[in-house]
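Dock chain to chain to rebuild the complex, using the hints, since each chain is given by itself in its own frame.
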Amino acid sequence: MTPLLEICGLHVEVEGREILRGLDLEIPLGETHAVMGPNGSGKSTLAHVIAGREGYEITGGIIRYQGEDIAEMEPEERARKGVFLAFQYPVEIPGVNNTYFLKAAVNEIRKHRDQPELDAVDFLSLMKERVKLLDFDVDLIKRPVNEGFSGGEKKRNEILQMTVLEPTLGVLDETDSGLDIDALRIVAEGVNRMRSPERSFLVITHYQRLLDHIVPDRVHVLQDGRIVESGGRDLAHRLEAEGYTRPAAVPA
Amino acid sequence: MVEPAAVETHYLDEIPLREGDRYAVRRTEAVRQFFRSGGFPTATLEDWRFSDLDGLGRTGYRRYSDSPALVPLQDEELPGWVSGFGRRVLLSEGRPLNAAEFQPGNGLDVRDLPPVPTAEEERDWGFVAPGAPPEGTEADLDAPLRNPLEMLNAGLFDCGFRVRVGQRADAGPILLYSLRRDVGHPAMLHPRSVIELAPGSRLTVIEAHDGDSATAGWTNPSTFCHLGEDAELRYVRVELETGNIAHTGRVTFHLARNARVRSTVLSLSGGRSRTDTTAILTAEGAEVDLDGLFLGVEQAKADQHTLAIHAARHTTSRQLFKNVLSDEASAVFDGTVVVAPGAIGTDATQANRNLLLSRKAVVHTRPRLEINADDVKCAHGAAIGRLDEDALFYLRSRGLGRMDSHEILVRGFAGEVVEKVPVESVRALAAAGLQRVRESRSFAA
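From first to last, the protein sequence lines are chains A and B. Numbering of the first sequence is given in the working numbering, commencing with residue 1 and proceeding in unit increments. Numbering of the second sequence is given in the working numbering, commencing with residue 1001 and proceeding in unit increments.
Isolated chain B (complex conformation) (with noise of 0.2 Å):
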């Protein structure tokens, strides 16, 4: 436990100073400016009222570096899906294990985070707002940068990846991935990545967190994507950790004209996660999709929060977020759609659909729409429910045992996030949570 007054003190000290850092003076800024802006975000706050943080400022996490003789992470220890992986590139508690080995190719080249940004580097960092909205509209641009926990990583990180990919080439699938062990003291990881696509190329990532931890833990990646003019991406997000961990990652697309993406998260982890999600669509004709599919089972809590900008003219964002509820497992969903005035031609849709599987689970909805411009087409909607008993029926009548109609159900419900999902071994993941969730307590009680 740390004291209130000696909290900022304490994250002070946690900034990894470096030799030469001309960065330095910035992440002191930021991690002053976090907790001028109030600090860890608590239920008080309406962008934070269901998300279950008040625990993270009250631990003293120090950053996994302090761990004294970590063994680095050997590679019989990784899940067999990530050794399995083509191209892979690993963090162990935040240590990049193989990234140097990297051979670039393929038009696609991954870094380990530079110790310290050139100043030309510091907007591919994430650090700066892309500039001002385009000519005609008024957009907030920013607003990801507000996050308070991003001012926390932007302040904290010292780890992550740099992924590149040159103009109209194709590349990936990648698998970024991250594992956390338990070291024996609260410890915290502030990765951050920045994938950068430049014009007309393509790249599938799979950035996945994973790792088990009895004593408490903290994970809050920044994951900036930049996408060129007609660059397509297909970025997956797994979410792994169990145990004690309480997961915060931010995600964030600056698309360019007609520039695509298409995002799925996947919230597979049995503790506590938030996942902001933002799509800043800066030119006309850029087109993405968020999708989210959270698997819970006990007392996991999954709390996805979604911002699509529409900035600029004829742009394009659907979102569809599923949660699976068993036991007391609970969700919230927060989208917002942001249509900035003179945005006109915006085409957005936002879908939260919520199978309830027991009479404990909870589920917290908000979809919202902010529409500040005319001729746009935008719709959302929300929709909580348990599984049909008439569809039900008809299964079992067909000879299909009672476990296997409701899984049945349970796996078409699901599926119409999984299936998009481009890498087999990444579905198979959410196979085992579906197995998970059929194996849980409340199912089909």
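For reference, chain A alone in the conformation it holds in the complex (with noise of 0.2 Å):
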């Protein structure tokens, strides 16, 4: 069966500097696995490839999502096809209320989906519900998306979104920084209701903490660009343990 996301020898420019230099990931659909690296390795700039941010050149190798090759895709095109990238720096947007944003978003991909829009009614009972779960302020998705958010509050707001928009791939990308430990286990709660053989995940993170609570199939360890070890979920703890530093065991 063709993994739901499939990057084969990718090599990654960001203003001429090469950060991803042939970085193999197969993530199989139902799986969730983890990204594990230092600072520099890479792990930002893969999170931000997979969701097609512009200004992240790809100047060697493949990156499919469903079989289909994505390089060329728009940012929207990829969210319409299930692709959900929960940011590390959740952006501030004055002046764009959270809740229209989010039914915007909702019914953009519904449409795409051949699925009815959402009215507002709909919507609002929607957010409600998971808004309760993610024990998340229901007063701050009346307020401008992210705005005067604490640090939590947006992170948790990148989640919450993920819960409504239901994604086939979600990308978690270092949801743990900043988060203290209720914040953690209430997200990871969020994340692991969504886990469905119907879904996948990608964990990026720089600790292991992240993952006692989202349990991977798989670890991955990036560094230099490349994924330079992989395992089962005993890797994160080795790592945790004794350090990246470790010489880098190249795959063949």
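There's no promise every hint is true.
As the list claims (entries may be wrong) - Within a straight-line C-alpha distance of at most 30 Å, the following computed DSBU-like cross-link-like pairs (lysine-lysine) qualify:
no.: 1; chain 1: A; residue 1: LYS111; chain 2: A; residue 2: LYS132
no.: 2; chain 1: A; residue 1: LYS128; chain 2: B; residue 2: LYS1420
no.: 3; chain 1: A; residue 1: LYS142; chain 2: A; residue 2: LYS128
no.: 4; chain 1: B; residue 1: LYS1420; chain 2: A; residue 2: LYS142
No lab work stands behind these hints, which were simulated from the structure alone.
Listed below in structure tokens is the structure:
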């Protein structure tokens, strides 16, 4: 069966600097994979390339989603096909109401899936239900997107958006950074509730801590723009104990 | 075209003199003073540097009343938002259409400008400065009357409204709507309106200038608002004129003790405009918000000048002017806060924010503070920027299209001003302006 996400020998440059240098990664549908790595290893670049950010130039290799080459695909197209990126640094958007924004996004995606658009009443009841599950301050959804949110509130807003948009591939870019242990647990529960045979997750993190709560099927180590080691969930614990600095075992 | 030497004679001839007009001398004096003080302002004058009015002086504008057989505006020619407006008074090419039938009620009375103001009315009509500055301060309260185009209006005005709200009455919203059509010769309009709020009264007023003309046109209105103690005015000015019409308008607010003005200028015109907004805070506790929004596409040009004169202690002014510029649109913000000697406890802020959607759009911004008193709080700033790439990617990563994401951000930027407009049908005009921005050539290009 074709993996949901298939990356082969991917090279990516940002502003003329090569960040990803032949990265290989496969995520089958229904699995949750973690990518761990030190600062500067290319973790965020990987997340942005999957989501389709401009300015990340693919100079070699292949990136396929649902069997389709998405290298040239617009970010909104990817989102409509089920890719979701939970940002490491969610953007504040003054003047744009959170609920309005999310309703527009939900309906854009529903349109793509040939589902009827949600009206204001349906959408609000959906929001209320999801907000409760994430222990999210309901007043925040009436405010401008992320404006004046604390770090933890921003991260929870990302997960809230993910639960409402119901993606097929959820990419979590260092969602644990800046979260206290209670917030971390709430966020992880939000993700775990969504895990299903029809959905995959890519959890990108620096620390093993998050992976105690979102237990991955596979763990990959990213170093110098390449996956240097892959293994089961125990790999995360070993990395936590031994650090990233052991000699890279480059796969042949 | 009019020869420079003949310009003064041309405008003196345009003075609308009526039988028994005791004001005739003053009108003539106003026009003569306009020419004595330099005539049509040119770009060589600091205050008019970017205003681009050079063509005005060379065009031999005539008043509409000279137009032969002008057919009065029919109801069905009115835009929907105007015909659907509850209380409205209309001018068509400067001719009053319905003010005579206005039924006073709720303490609100609206009349046409009388052809000849009585001596008692002169101050109401804004020809005379509001009097000496309050004790303990020195402020220049005549500044708005020295605007050259104000002088010309004082000589040539021949239409307008007088709006009065009685003590403690709560009135409005009322729409003052002026529409002009192309009559085939360069035509000018000099409306003059006075809005008077008795102590403790409240009013919402929408002043709109509309029209389209292929022939050169010029609209030069003056509006004076006098607020008694504790009065509250919500003023919205909508500039909709397009085509070859130049708009040079002024609105002046005089505020007594604890009076409050919230003003919004919406520049939605496709042509050239300059608007001078002046607030004179003459007594303690007076408070004014001056907002503005320009949505510019193609070669539209809007020039916003503001002046907040803090003439008394413990007065507050807040200014927020925003420009959204696409294509080759250009904007000017020239805002001044004057704190008169002795006006301690002044609280003034001024912000000008500009969103450039095209490499060819231009903005000139000049926020100014003149502080002549101690113990005041004044802050000002200007920002010029493009749409935030991070925010665009964020929206698109949620499935929103490229164009929609741009639009959402532009609407969010404009919303800060638009949302405060209290009348839904007027907010819809801004929404239509935003739609024109979305459809402009440079949008998301």
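| Which of the numbered hints are not met once you compare them with the structure shown? | Going through the list in order, the structure violates no hint and respects every one.
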